[in-house]
Amino acid sequence: MEEPDRDAGTLIAMHAIDPVDLEVVKASLSGIVQEMQNSLFRTGFSTIVRESQDASCALMNARGEVVAQHVVLPLHIGAFPACTAAVIDAFGGGIARGDAFVINHPYQGGSPHAPDIAVITPFFVDAALFGFCGSIAHKSDIGGPVPGSCSGQAREIFNEGLHLPAVRYEMDYRRKGDIERLIGANSRTPELVLGDIRGQLGADRLGERRLDELVGKFGKQEILGCFDRLLEISEAKVKQAIAEWKDGRFEAERFVDDDGIELERPVRIQVVIEKRGDALHFDFSGSADQTKGPANIRPPLVQAACAYALISLIDPSMYVSSGLLRGFTMTAREGSVLNPRFPAPVNTYNPTIHALVDAIFAAVSHIVPGKARADGSGSRSIILGGRNTYTGKGYVQYEIIAGGAGARPGKDGASGITVNQSNAKIAPIEIIESEFPTRITRFELIADSGGAGEFRGGLGIRREYLNLADARFSIRSMKHSIPPNGCAGGKTGRAGDIWINPERAAARRLPTRYADYPLRAGDTFRLDTPGGGGYGDPLAREAEHVLADVCEGVLSKEAAEHDYGVILRPAGRAWAIDAAATQARRAQLKAEKAKSAPR
Amino acid sequence: MARYRVTVDTGGTFSDFVALNEETGKLSIAKLPSTPDDPSRAIIAGIEELIATAGESTEIGYFCHGTTVGTNALLEGKGAKTGLLVTEGFRGIYPVGEQARPYGAAIFDVMYDKPAPLIPQSLTGEVKERVDFRGNVVQALDEAALRKTVRLLAAENVGSVAVCLLFSFLHPAHDARVREIVREEIPECDVSLSCEVLPQIREYYRLSTTVINAYLQPILSHYIAELDRRLERVGVATRQKYIMQSNGGMATFAAAARRAVTTVLSGPAGGVTAGVLAGRMIGLANIITFDMGGTSCDVALVKDGGPLLSSRGQIAGRDLALPMLDINTVSAGGGTIATVDRFGMLQVGPASAGAVPGPACYGRGGEMPTITDCNLVLGYLGEDGFLGGRMHLQASKARAAIMSKVARPLGLDLIDAAEGIVRIIDVKMQEAIKAISTMRGHDLRDFMLFAFGGAGPLHAGRICDELGMAGVIVPLYPGVFSAIGLLMSDVKHGYIRSKLAPLTEVAPEEVNHIFDQMTAQALAELRGDGFAPDRIRVERGLDMRYAGQGYEVAVPCPAEPLRPSDLKELRMGFDQRHLSAFGHMAPEEPVEIVSYRVRGLGLLPSIEMPKFSPTGAALADARRGSRRVRFDGAELDCPIYQRDQIDVGANFAGPAILEQLDCTTVVRPGQNARVDEWKNLIVTQER
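Each protein sequence line maps, in turn, to chains A and B. Mapping of the first sequence onto this note's numbering: position 253 corresponds to residue 441, and the numbering continues sequentially without gaps. Mapping of the second sequence onto this note's numbering: position 682 corresponds to residue 681, and the numbering continues sequentially without gaps.
It should be emphasised that the hints constitute simulated quantities derived from the structure, not laboratory data. Ideal placement from N, C-alpha and C gives every residue a C-beta, glycine not left out. Keep in mind that the hints are not guaranteed to be accurate.
Unchecked claim - Label-pair restraints from in silico Cβ distances:
#1 Arg251/A x Glu685/B: 41 to 49 angstroms
#2 Ala633/B x Lys599/A: 36 to 44 angstroms
#3 His441/B x Pro353/A: 35 to 43 angstroms
What the hints assert, rightly or not - Calculated pairs, EDC-like style, for lysine to aspartate or glutamate (alpha carbon to alpha carbon, straight line, at most 16 angstroms):
#4 Lys480/A x Glu623/A
#5 Lys613/A x Asp464/B
#6 Lys405/A x Asp112/B
#7 Lys613/A x Glu97/B
#8 Lys498/B x Glu524/B
#9 Lys599/A x Asp112/B
#10 Lys498/B x Asp108/B
#11 Lys498/B x Glu623/A
#12 Lys405/A x Glu551/B
#13 Lys599/A x Glu195/B
#14 Lys127/B x Glu142/B
#15 Lys405/A x Asp108/B
#16 Lys559/A x Asp464/B
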C-alpha cells in the first residue's frame with residue numbers, strides 16, 4: 189500500500205518515533221523472536237532442545253546489541269552480544285548477505301561453555317548491514333573426556349570439548365560442508381548436534397524473513413529508530429529505578445561449596461555495589477582467584493547475572509534488550525573466578541552463577557525497599573549411565589531436581605521449585621522407571637528443611653532410588669556444605685546431601701560434585717535438596733502460622749518449639765497453641781538473643 | 000406440537016439462548032442477564048419465556064448447556080473439601096508438580112508462587128502398596144492401614160476423595176479396592192480414581208487431573224441434579240439433556256456429573272464447534288475461529304474441516320491432561336485498557352475494565368480508555384446502536400478518557416490516539432493467530448477468519464487484511480454463536496490407557512485386545528446414554544513417540560483388528576505425522592507405543608441451519624443513515640446498515656458499518672461484502 193506520508197515523516201523519525209508505531213514494532217519483534225523460538229523447539233532434533241528447551245533466540249542491531257529476546261534462558265542476554273561481537277571482529281566488512289556463522293568459544297565469544305553453540309546470521313537492508321538474527325542451543329555432546337562434555341574434573345578448556353571461534357558456516361545461503369564435517373567428527377552424537385544446528389539456522393533465517401517484512405512495512409529509518417528507542421527505554425527504565433534507590437556502598441559474599449578438584453576449599457564470590465544517583469557499579473574484585481576446576485565463569489555471564497537480578501528487582505515483566513546492560517557498570521578482576529585467564533575450565537557454571545545472583549541480591553536489597561529475599565536451593569542434576577532395560581543399549585538417565593526457594597518479605601518461600609535463572613522440569617517417575625533400571629522409593633518434601641523466619645524458607649525435596657542394575661553415577665549439585673542463607677534475621681535453610689546406601693553398613697556420602705561412582709544392582713541412594721533460607725526473626729512469626737505448618741507436616745513440633753518458641757499441646761487429633769508457655773518461651777529466647785548479640 | 004432444540008450458554012455477564020424449531024427451521028435467540036449465585040435461575044427464566052412466546056404447545060426434545068459452574072468453583076476456590084490418597088512415600092508428587100516456573104516474567108519474579116494445592120498435605124494420606132512399570136504388584140495393598148488412614152479423612156469431613164497410585168493405569172485393582180474401602184468408611188463420599196479419570200502415564204498430570212475432578216464433582220453433580228429437577232418441572236422431560244465438554248463434544252447430564260473435570264475448559268468450545276459446522280455447511284474446510292468478547296479473545300485453527308485437539312491444558316495455573324480443543328487465548332477485548340507509562344510507552348492491556356466499571360463510555364464510573372471507547376470515537380460503534388439501542392454509549396466520556404490518559408501525555412490528536420490503540424490491540428490478536436497458524440507451518444492465505452463474539456466482527460476486517468487471509472465470515476448471530484454450536488454437536492467420550500512398549504515387541508493381538516476392551520467400554524457407555532447401535536461410531540488411535548522422547552504424536556488406527564502388516568503402516572504413519580508436526584522424522588529410530596485412545600461418538604440427528612430466499616429488498620432499505628468513520632488516518636462518510644434488513648444475495652463494497660442486536664461489523668474500504676443464503680456475511684479483500 190502506498191503511504192506517501194511515511195517517507196516525509198522518517199526525516200524526523202530518529203528524534204520522534206511515533207509511540208503507536210513503537211508499540212506495534214515492539215509487539216511484532218516479540219512475535220518474531222517467539223516464532224523463531226517455536227521453530228527451533230519444533231525442528232530441533234535433540235531432546236535437550238525439544239524437552240528441556242535449553243535454547244533461546246534473539247534479534248540484534250548492527251552493533252550486536254539485543255533488541256528483542258524471547259526469555260527462556262535469562263543468561264543468554266549476555267551471550268548474544270558477545271558472540272555477535274566476535275563475529276564482527278573476525279569478519280567485519282566481509283560479512284555478506286547469506287552468511288551464517290557458528291561460535292561456541294567461551295573466551296573468543298560469549299558462550300557459557302562449549303556445548304552452547306550460537307548460530308548468528310547477518311540481515312541486510314539494501315546493501316547495508318542492518319542487524320543479526322541469533323540462536324543459542326545446548327548440544328548433547330561436543331566431545332571431551334566425558335559424555336555431555338561437562339567434566340567436573342576438567343582442568344582446562346581443552347578438557348571440555350571442541351571449541352569453535354567465529355567461523356563461517358554458510359555463504360550465500362549455501363552450507364560449507366567442512367565445518368559440519370569438523371563438528372561431526374568431534375561429537376559422540378553427531379546427528380543430534382548437526383540436526384540442532386540446522387534447526388537453529390532455520391530459526392535465524394525465519395527471523396530474517398519476518399524482519400524483512402517488518403522493514404518493508406515501516407521503512408528502514410523507522411525500524412532503526414525503534415531499535416534505538418527500545419534500547420534507550422530499557423536503559424532509562426533501569427536508571428530511573430536505580431535513581432530512586434538510596435545512595436551508598438554495600439557488599440555481600442557467597443561461597444560455592446568447592447570447584448570439583450579442591451574439595452575442601454569453598455570458592456568465594458564477592459560483590460561491592462556503589463550506587464550514586466542513577467549510577468550503579470558492581471565490583472567483583474574481591475572474589476576468589478580463578479579455580480583449578482570448572483567453577484569459573486566468563487564476564488558475559490557475570491553481566492547476565494547482574495541483568496537477571498536487576499530485572500527481578502525492577503520489573504519482572506520488563507522488555508528484555510541490551511539497553512539493560514547500559515544501565516550499570518561492572519568490574520571483574522582478571523585472573524579471578526569471574527574473569528579467568530585462558531585456558532581455565534568453565535563447564536559447570538551453575539553453582540557459581542547461583543552464588544553470584546544470591547550475592548548481588550543480598551547487596552542490592554540493602555537499597556531496594558521491600559525486595560530482599562533469602563537464598564534458595566540453587567540447582568542440581570544427577571546422571572546415571574548404563575544399559576537400557578529393553579534394548580540393552582547404552583543410556584543416560586539425566587534428572588534435574590529443584591529444592592526450596594528463599595522466603596520473601598511477607599511471603600514464605602515456595603517448596604520444590606526452580607530458583608534464580610534455573611528452570612528445568614522434573615522427570616516423571618513413571619517414565620523414568622519404564623525406561624531405566626531404577627525404582628524410585630520416595631519423593632517428598634523434607635519437613636524442617638525450610639529456614640526459620642518470620643517468613644519460612646521453602647522445603648527441599650527428598651528422592652530415594654533403588655538401583656536395579658549396575659550403573660555409573662554422577663552428581664553436579666551445590667549447597668551441600670554451605671546451606672542457603674537467611675535474610676533479615678531469618679535462619680539458613682537445610683543443606684543438601686547425597687548418600688549411597690543410607691542406613692546400611694556400607695553407607696557413603698559423596699561430595700557435592702562427583703563423577704562416575706560405580707553403583708551396583710541393589711544399591712540405593714538418597715538425594716536431599718536444600719531448603720530455602722528464612723526471612724525475618726523466627727520469633728516474630730505468627731504462632732498460628734507455626735501451628736498451621738505443624739499441622740501440614742512442614743514443621744515438626746520440636747522445631748516449632750526450638751526455632752520459633754511456639755509450644756504446642758495435643759488437642760483432639762491435632763495440636764493447639766499453649767499461649768502462656770509460648771509467650772514465656774519466646775520472651776526467654778529473645779532475652780538470650782539480646783545477651784549474645786555483639787554490642 | 001412444535002419440537003424445539005434449546006441451548007443455553009452461560010457466561011459471566013449474559014446467558015445466551017438459542018431455540019430451533021425443528022419443523023420450520025426457524026431460529027430464535029435471546030440474551031438474559033446471568034444469575035451467578037444460581038445460574039439455573041436464568042436458564043429456567045429463559046426457557047419459560049421461550050415457551051410463553053412460542054404461543055403453542057411446545058416440546059423441547061433436546062437441551063444442551065455450556066456451563067461455567069465447574070470453572071468458577073475452581074477459579075474461586077469453592078470446590079468440595081477433598082482428600083487425596085497416594086502411594087506410600089510419594090506425597091511430593093502433587094506439591095512439586097513439574098517444579099519449573101512458567102516462561103517469561105515468572106522466571107524473574109521473586110514473588111512468584113505456584114497456585115496453592117487444592118488439597119493440603121494434612122488431607123493427603125499414604126497407601127502402603129506399590130506396582131512396578133510392568134503392572135506387577137511389588138508391595139501388596141495393606142487394607143488395615145488404609146482403613147485407618149481413611150478414617151482420619153472421615154473425621155475431617157471430606158466430601159470427596161481423589162486416589163492416584165503409581166502405575167494405576169496398568170493395575171487398576173488397587174485403586175478400585177481403595178474406592179470400596181472409602182465407600183465403606185465414608186458412605187456419602189464421592190471418589191475419583193486416577194485409573195478412571197485419566198489412565199495415562201506421567202503421575203503428576205494424572206494426579207492433578209484427578210484432583211480437579213474430585214474437587215469439582217460434588218459441586219457439578221449437585222448443580223446438574225438441581226437443574227434437571229427444575230427443567231422437568233417446567234416440562235423439559237427429554238432424556239437428551241447434555242453438557243458441553245472441553246473436547247468440543249457433549250456429555251449426558253449423568254456422564255458430566257461423573258467427570259466434572261471435562262467441563263472446565265468448555266467455555267470457548269461451543270463457538271469453535273459452531274465454526275467447524277458452519278464452515279462445513281458452506282463448504283469451507285480451513286478457518287480460524289476468532290471470538291472476541293469483553294476481556295479476552297479466543298482463536299482456534301480448523302484444518303480440513305476438523306478442529307485441532309491438544310492433550311494438555313491449564314486453568315488458573317492448574318494442570319490438566321484431557322483432550323481439549325486447542326484454543327489460544329489472548330487478553331484482548333472491548334474492555335481492554337490503554338495506558339501510558341512514565342517513559343512515554345503506550346501500553347494496551349492486559350488489564351481490562353471488565354463489566355464493572357466497564358469502558359468509560361458506559362458511564363458507570365470507568366475512567367480508563369478501553370478498546371470500546373476507541374471504537375466509539377473512531378465511529379465504528381454508534382452511540383445508540385449498542386445492544387440494539389438498549390444501551391446508550393457516551394462518546395463524551397470516551398473522548399475525555401482517551402484525551403486525558405493517552406492523547407495528551409503522548410502529544411497526539413484524540414483520534415490518532417484512538418486509532419493507535421486499536422492498531423496495537425489488533426497486532427496482539429494477529430500475533431495470537433500467527434502462533435497457531437504460521438508458527439505451526441500453515442499458510443494463512445488458505446484460511447478464512449470466522450469472526451464472532453461481541454467485538455470480533457469489529458476487528459476482523461483489519462486483521463484479515465494485515466494477515467493476508469482469504470476473507471472474513473460473520474455468521475448471522477455472532478453474539479450468541481457459542482450457543483448455536485451447542486445445537487449441533489455430538490456426544491463424545493474419550494478413553495485412554497497407557498501401556499508403554501516398543502512397537503516392535505507388541506503383537507497385533509495384544510493391541511487388538513486392549514482396543515477391544517476399551518471399545519466395549521465406549522459402546523456400553525453410549526448405549527447407556529440411549530444411543531442405538533447405528534448412531535454410534537468408535538474411533539481408535541495410538542499415542543506414539545521415538546524412544547525416550549518426552550512427548551507423543553497421536554496416530555489414528557483403523558477400526559478393524561490390526562494385522563501384523565498394519566503395525567508397519569502405523570510406524571510409517573507415525574514418521575509422516577512427526578514430519579508434518581515437527582519438520583523432520585527419524586525412520587531408523589525405535590518407536591514406542593505410549594497410550595491407546597478410543598473415542599466414542601454418539602451421533603445426533605444433524606440439523607440444517609435455516610436458509611433464506613431473497614426478498615428483493617433493496618440495500619437502501621436496510622440503510623439507517625451514515626456517520627464519519629476513521630479508516631487508516633482518513634475520515635470517510637460511511638453508510639450504516641441494519642444487518643437483519645440486508646437481503647440474501649446483497650453484494651456491496653466497503654466502507655460500511657452493519658449494526659445488529661449485540662454486534663457491529665465493520666467492512667473496510669477496499670473490502671467487499673456479500674450475504675449468502677444462510678445470511679452469513681462474507682467479506683473479502685479486493686487485491
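Evaluated hints:
Separated by about 43 angstroms at the C-beta atoms, Arg251/A and Glu685/B satisfy the suggested range of 41 to 49 angstroms. Evaluation of the 36 to 44 angstroms hint for Ala633/B and Lys599/A yields a failure: the beta carbon distance comes to about 53 angstroms. For His441/B paired with Pro353/A, a C-beta distance near 40 angstroms keeps the hint of 35 to 43 angstroms intact. Of the pairs offered as hints, the one joining Lys480/A and Glu623/A is violated, with about 37 angstroms between alpha carbons and a cut-off of 16 angstroms exceeded.
With a C-alpha separation of about 40 angstroms, the suggested pair Lys613/A and Asp464/B falls outside the 16 angstroms cut-off, and the hint is violated. Distance restraint check for Lys405/A and Asp112/B: the Cα-Cα separation of roughly 41 angstroms exceeds the 16 angstroms cut-off, and the hinted pair is therefore not satisfied. The hinted pair formed by Lys613/A and Glu97/B meets the criterion: a straight-line CA distance of about 5 angstroms does not exceed 16 angstroms. Annotation: proposed proximity of Lys498/B to Glu524/B is violated, straight-line Cα distance about 23 angstroms (limit 16 angstroms).
The suggested pairing of Lys599/A with Asp112/B holds, with an alpha-carbon distance near 10 angstroms, which does not exceed 16 angstroms. With a C-alpha separation of about 39 angstroms, the suggested pair Lys498/B and Asp108/B falls outside the 16 angstroms cut-off, and the hint is violated. Our distance criterion of 16 angstroms between C-alpha atoms is met by Lys498/B and Glu623/A, whose separation comes to about 12 angstroms. A C-alpha spacing of about 39 angstroms is found between Lys405/A and Glu551/B, which places the hinted pair above 16 angstroms, so the restraint is violated.
With a CA separation close to 38 angstroms, the supplied pair Lys599/A and Glu195/B exceeds the 16 angstroms bound. With a C-alpha separation of about 8 angstroms, the suggested pair Lys127/B and Glu142/B falls inside the 16 angstroms cut-off, and the hint holds. Taken as a hint, the Lys405/A and Asp108/B pair is broken in the structure, with Cα atoms around 35 angstroms apart against an allowance of 16 angstroms. Between Lys559/A and Asp464/B the alpha-carbon distance is near 46 angstroms, which puts this suggested pair outside the 16 angstroms criterion.
Of the numbered hints given earlier, the model fails hints 2, 4, 5, 6, 8, 10, 12, 13, 15, 16; all others are met.
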